[in-house]
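There are 2 protein chains.
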Amino acid sequence: MPRTAAVVVIGNEILSGKVRDDNSPYLAAELRALGVALRLILVVPDEEEEIARVLRECSRRFDYVFTTGGVGPTHDDVTFRAVARAFGVGLRESPEIKRSILRRCPQPSEEVLSMARVPQGAEVLELPGVSFPPVRMGNVYIFPGIPQYLREKFQALRERFRERPFFTRRVYVAQEECHIATELRRLDEEFPQVQVGSYPQVDAPGHKVVVVLEGQDEQVLEEALQRLLELLPGDIVVRTE
Amino acid sequence: MPRTAAVVVIGNEILSGKVRDDNSPYLAAELRALGVALRLILVVPDEEEEIARVLRECSRRFDYVFTTGGVGPTHDDVTFRAVARAFGVGLRESPEIKRSILRRCPQPSEEVLSMARVPQGAEVLELPGVSFPPVRMGNVYIFPGIPQYLREKFQALRERFRERPFFTRRVYVAQEECHIATELRRLDEEFPQVQVGSYPQVDAPGHKVVVVLEGQDEQVLEEALQRLLELLPGDIVVRTE
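Each protein sequence line maps, in turn, to chains A and B. This note's numbering puts the first residue of the first sequence at 9, with every later residue one more than the last. This note's numbering puts the first residue of the second sequence at 9, with every later residue one more than the last.
One chain only, chain A, in its complex shape:
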């Protein structure tokens, strides 16, 4: 079984529909490419207690938890406090982050210095070329909400999460789902190691459903693909990928 992950997106602006979350789609694709099974995405408000509640549960259930957002200097940035609360610890000042702050803002206010107050026991992940290091607390990795900064930091860390890759095959079908549901159920039952997904396409020219097969054993996946092509009437398969 691959390692599992949850992504916790922290931000009122997403819940109120003002900003679109670009971070969870990015992390979903990255984790998939790394072979990590993302099992849950949550978007939560900028509220310490609610974030702590969610992190406590996710940290227990999944191998990795990635948070985005809430690490700036303003009153609505409560992620470090929430992580500390989730783990039942206090805060300490990180000299590494304080140095980053002073480089950018030579006379920081109390609010700005609060960005350096990380959970006790957290690791500050200093990375070459990355200012404002990301922070890890247990299995929780804390990233900023600004997509450019999140990506820079995730890229610098990504190899530590690599697992066996997932392989994918796609079958484009010219008929609607109701004509292939029986065959797909059978395939799903015959190949428990393969994820069988069925995705109707409303406006696609030439096909009505994409069947996606996925797994970490390339040979079993190939067998599942051949079996599917055997089960479906040949004249409705537009192409495979």
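Treat the hints as calculated values from the structure; they're not laboratory data. Glycine is no exception: its CB is placed at the ideal position from the N, C-alpha and C atoms.
Simulated crosslink set (DSSO-like; lysine-lysine; CA at most 30 angstroms straight-line):
#, chain 1, residue 1, chain 2, residue 2
1, A, Lys106, B, Lys216
2, A, Lys216, B, Lys106
3, B, Lys26, A, Lys216
4, B, Lys26, A, Lys26
5, A, Lys26, B, Lys216
Beta-carbon label-pair distances, calculated as ranges:
#, chain 1, residue 1, chain 2, residue 2, range
6, B, Ala41, A, His215, 29 to 39 angstroms
7, B, Asp243, A, Pro114, 12 to 22 angstroms
8, B, Pro173, A, Arg170, 44 to 54 angstroms
9, A, Val246, B, Val246, 51 to 61 angstroms
10, A, Ile244, B, Pro10, 46 to 56 angstroms
11, B, Thr176, A, Pro155, 17 to 27 angstroms
Given chain A, work out where chain B should sit, using these hints.
Chain B in isolation, oriented as in the chain A frame:
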């Protein structure tokens, strides 16, 4: 206090990074426009037990729960079963949905007919001009995952969710957050009825932060805006909206 909501997006394809979720941003914006406070978005896999667990909790904590996805005829469509499980009831065949199926697919297989098996006690919401009616079970509204169909159905129902609207004012600031964090905290403390959000802009020409004020009392919001303009040095405010 406005009514609260959660959106539960059901779909492996989003967790695996293959498909981008367009439904939760749509519902977030719609609910905001209606004055409903969206408090949580979850993306969960196509697994009956996990969906049931999440729905049980959300149904208890929020006024409305909106699900998207998992209502088609294939083996990975488990939403109705999961809702029934969350509420501890069985399934019954809906004659209204069965009629919709037969119009589209005159000789349906067993899998296709399973689309008509809704939780016992659920209301099938027949709406003018909408085929495949959405289903409500308690405070859980069940929508399809295909964005076009979700939108058609939500639009037909939206007025039943209308509350007092939220009002929004924006202040564009030429300085980074670290220069205004103290003033924002003060504003946030002085106006508990107003949500004060601070959003750094990396590539915006002419401003570095957008401060967003929101509330359901337009006059209090206006007072908060005036107070913020008083607190901030005048030369860093680029414009207000």
